[in-house]
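Enquirer: Protein chains in written order, with the working numbering: chain Y, 478 to 835; chain V, 286 to 682.
Bear in mind the hints are in silico, worked out from the structure with no lab data behind them.
Here a beta-carbon is modelled for each residue, glycine too, at the ideal position from N, C-alpha and C.
A couple of the hints might just be wrong.
Claimed, not checked - Facing chain V, from chain Y, some residues (calculated, C-beta under 8 Å): (1) V719; (2) G733; (3) H740; (4) M775; (5) R827.
What the hints assert, rightly or not - Heads up, incomplete: computed chain Y residues facing chain V, CB under 8 Å, no partners named: (6) N723; (7) Q731; (8) Q736; (9) L746; (10) I747; (11) E750; (12) R751; (13) S754; (14) H755; (15) A778; (16) E779; (17) A824; (18) L830; (19) A831; (20) L834; (21) L835.
One-letter residues, chain by chain:
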Amino acid sequence: MLLDTATDFFRDKSTVNDVRAQIETETGFDAGIWQEIVDLGWVGLAIPEQFGGSGLGLAGAVCIAEPMGRRLFASPFLSTQLAVQALLAGTDAQCAQWLVQLAGNGVGTVAMVERAGDWNLQNCETSISVRGETATLAGTKMFVLNAHVADVFVISGLCDGTPALVIVPVSCIPDGALTRQTVIDETRRSSELLLDGIEVPAANLIVGRAASVALESIRNAALLLNSAEACGGIAGALDLIVEYLNSRTQFGRQIGSYQALKHPSVDILIGLERSRSHLYHAASLLHADRNAEVALRMAKAESSESFAFAGDRAVQFHGGFGFTYECDAQLYLRRAMWCQYQFGDAAHHRKCLAELLL
Amino acid sequence: MSELAQFREEVSAWLKENRPPEPDFLLPETFMEVGTDSQFHFLQDWQQQVYEAGYLGMAWPKEYGGGGMPQAYQDIATAEMARLRVPFMTNTIGLNWAGPLILQIGTEEEKQRYIRGILSAQDIWCQGFSEPDHGSDLGSAQCRAVKDGDEYVINGSKIWTSLGSYAKYMILLARTDPDTESKYAGLSFFLAPMTVSGVEARPIQKMTGEYGFTQTFFNDARIPASCLMGSEGQGWQIAMSTLTFERGVTGGQAGGLSMLAVQVEDVVELARRVLRDGAPAIEDPLVRDALVKFLIEEHGDRLCTARSALPALCSERPAAIALSGKLRSTEHRRRVCQFAVSLQAANAVLWAGDANAIEAGKWQRSYFNAFSATIGGGTSQVQANIVGERVLGLPKS
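Using the sequences plus the hints, can you model the full thing?
Expert: This is the structure we're talking about:
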């Protein structure tokens with residue numbers, strides 16, 4: 478039901494021309510459509526009702542992220558969901574203050590990854606020192622999504638040697654702390670964030686058990702929604718391929734009749750269906766509050782490799798046109814590579830799975 | 286405990302109690318490898334025992350010998366057979382293809398006559414589709430059936446007949462009219478007895494050195510005209526319905542296993558035991574990565590099967606999972622077996638029968654036998670064409 482609504486919504490609101498137009502803008506997304514998404518209640522799906530959301534849980538967000546990925550729609554949806562997950566582990570006072578803001582039309586984001594590009598959320602060098610009622614940050618974060626429009630940042634660091642998170646409102650981020658990164662997926666806005674000297678009230682800290690819960694929730698949400706976007710992306714790339722294979726003629730035949738193109742297209746379809754099965758399974762486990770780590774890592778590994786393959790073949794199968802900026806295949810390949818390498822690549826997750834399963 | 290959970294315990298207890306002792310000969314791994322009389326009788330007895338205990342054909346109609354129960358019971362019984370790794374049901378073609386076909390489109394008389402014997406394994410069935418010159422291109426089949434009074438006279442030959450030496454009946458695709466404009470329109474479908482004179486099943490030695498298939502020769506073999514299923518010219522259409530059962534696209538099968546499952550878990554165990562550069566292979570990062578890839582694939586396919594029962598989650602291309610099932614599962618099996626061989630270093634070249642062969646050469650044999658499934662019933666390449674054309678809507682090759 479929600480999936481159908483979202484499928485129609487993004488098909489209508491995010492044509493490939495819209496996607497290309499947004500690439501040229503500073504913020505990278507259409508504020509009007511973002512407001513519609515907020516008004517539809519989609520941003521607040523995972524926020525409990527008492528804090529202004531609908532309390533449907535994270536699983537519902539899959540129904541938004543998959544069709545969103547299919548149409549390459551850009552918005553702060555993903556980054557805000559990750560911030561929401563982090564904040565849910567906070568105190569009631571923190572939830573009341575920050576979640577309510579995000580359930581309105583606030584934009585959230587998380588700052589986790591550092592220069593090494595490592596997606597082990599426990600590994601970081603950022604320091605958080607507390608003196609009296611003030612916490613001071615030092616370090617540099619990379620790949621902070623939608624940082625240029627974010628109202629609330631959730632930032633990881635070490636506080637007394639143990640992992641902690643700190644909630645930083647945009648008012649505490651000094652001018653010049655953000656530098657836009659040039660990333661392969663041009664629909665994304667990603668920034669480097671210099672933390673040195675940033676100060677916030679100590680009440681903004683999430684520490685101890687709550688911090689571990691928050692880090693795990695961020696990881697779960699990132700893997701789930703990235704896999705959902707990737708599944709949508711595979712479906713979009715496959716549509717593009719099938720359309721071209723059915724229309725382009727060479728040597729007097731539609732090129733889709735050649736098995737060299739047909740069989741890899743079937744491999745893409747199989748990758749899509751396997752990825753979706755992993756994804757929906759992971760979502761249902763999360764929804765039932767069961768341990769979803771294996772399912773999520775499998776979904777991420779499968780979907781990101783399948784999407785990378787689909788994007789790669791989409792370019793190749795378009796021949797000379799595929800090599801041009803004008804051909805939409807590159808949009809999918811760029812998105813696929815973003816999905817592949819953010820939040821841990823397939824090899825990273827398989828390594829973790831090996832520890833869990835072998 | 287729910288009724289189904291209780292039933293699961295009951296089946297499980299019965300299977301553990303009644304599973305036949307390991308014989309002193311090598312058992313086949315699939316119904317396509319039944320090559321000796323002792324293998325055959327062992328499996329035939331086992332199927333009969335399972336049927337008599339009520340765990341086969343549970344969802345087939347009672348009046349023809351089935352159990353008349355909801356499919357969920359059979360699914361549980363089959364799953365327990367897989368889990369406990371009991372021998373498979375040897376009359377596969379009867380149970381999974383001919384039986385469901387007869388129940389779907391057969392006459393009352395055909396149902397009365399054939400179904401019970403299929404379930405009890407008293408009447409073994411084989412399939413006569415492929416011919417020496419027409420494997421993947423089934424529509425060009427040339428085996429002739431000429432009507433002569435109240436009989437048809439069959440001449441020609443069929444190949445890759447699994448259980449051909451033991452079968453009492455064959456589902457036979459033969460050409461009744463060689464002059465039709467479309468090659469498909471001249472074909473007819475028969476439920477043919479193998480016991481009439483003029484039928485000879487000659488065993489074919491497989492690449493494993495074992496037997497299990499025959500080439501079946503028809504030399505003026507006369508079968509009753511009543512063996513024709515449907516009417517003349519409907520053969521292609523009926524054969525296609527049969528293939529949907531064979532490829533697992535539609536339900537309706539009697540249940541039970543048709544082959545021993547190959548599970549990645551078994552390869553994981555193998556990797557713990559064999560050494561690579563002086564350490565258990567499972568410690569090698571490349572081996573670990575490959576094993577996890579196989580586990581993701583195995584798990585993904587299992588989840589696909591579960592998902593295909595939920596139409597709301599398959600709305601985009603409803604046929605995608607079912608139509609790609611054979612391609613996915615058979616290619617997965619082949620690659621898993623191939624990988625298991627690759628873990629054995631120099632010992633990988635030891636064949637079944639060698640005293641030092643790892644796990645008695647099981648993986649080498651499984652790897653070779655895996656080709657029977659990637660080739661039989663439509664090669665993987667033909668399967669990929671079917672999926673590409675019917676699911677993705679790509680032009681014909």
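Enquirer: Against each hint, give a clear statement of whether it holds in the structure.
Expert: Hints and how they fare:
{"no.": "1", "hint": "V719", "in the structure": "5 Å, holds"}
{"no.": "2", "hint": "G733", "in the structure": "4 Å, holds"}
{"no.": "3", "hint": "H740", "in the structure": "5 Å, holds"}
{"no.": "4", "hint": "M775", "in the structure": "5 Å, holds"}
{"no.": "5", "hint": "R827", "in the structure": "4 Å, holds"}
{"no.": "6", "hint": "N723", "in the structure": "7 Å, holds"}
{"no.": "7", "hint": "Q731", "in the structure": "4 Å, holds"}
{"no.": "8", "hint": "Q736", "in the structure": "5 Å, holds"}
{"no.": "9", "hint": "L746", "in the structure": "6 Å, holds"}
{"no.": "10", "hint": "I747", "in the structure": "6 Å, holds"}
{"no.": "11", "hint": "E750", "in the structure": "5 Å, holds"}
{"no.": "12", "hint": "R751", "in the structure": "4 Å, holds"}
{"no.": "13", "hint": "S754", "in the structure": "4 Å, holds"}
{"no.": "14", "hint": "H755", "in the structure": "6 Å, holds"}
{"no.": "15", "hint": "A778", "in the structure": "6 Å, holds"}
{"no.": "16", "hint": "E779", "in the structure": "5 Å, holds"}
{"no.": "17", "hint": "A824", "in the structure": "7 Å, holds"}
{"no.": "18", "hint": "L830", "in the structure": "5 Å, holds"}
{"no.": "19", "hint": "A831", "in the structure": "4 Å, holds"}
{"no.": "20", "hint": "L834", "in the structure": "6 Å, holds"}
{"no.": "21", "hint": "L835", "in the structure": "6 Å, holds"}
Of the hints listed earlier, there is not a single one the structure fails to meet.
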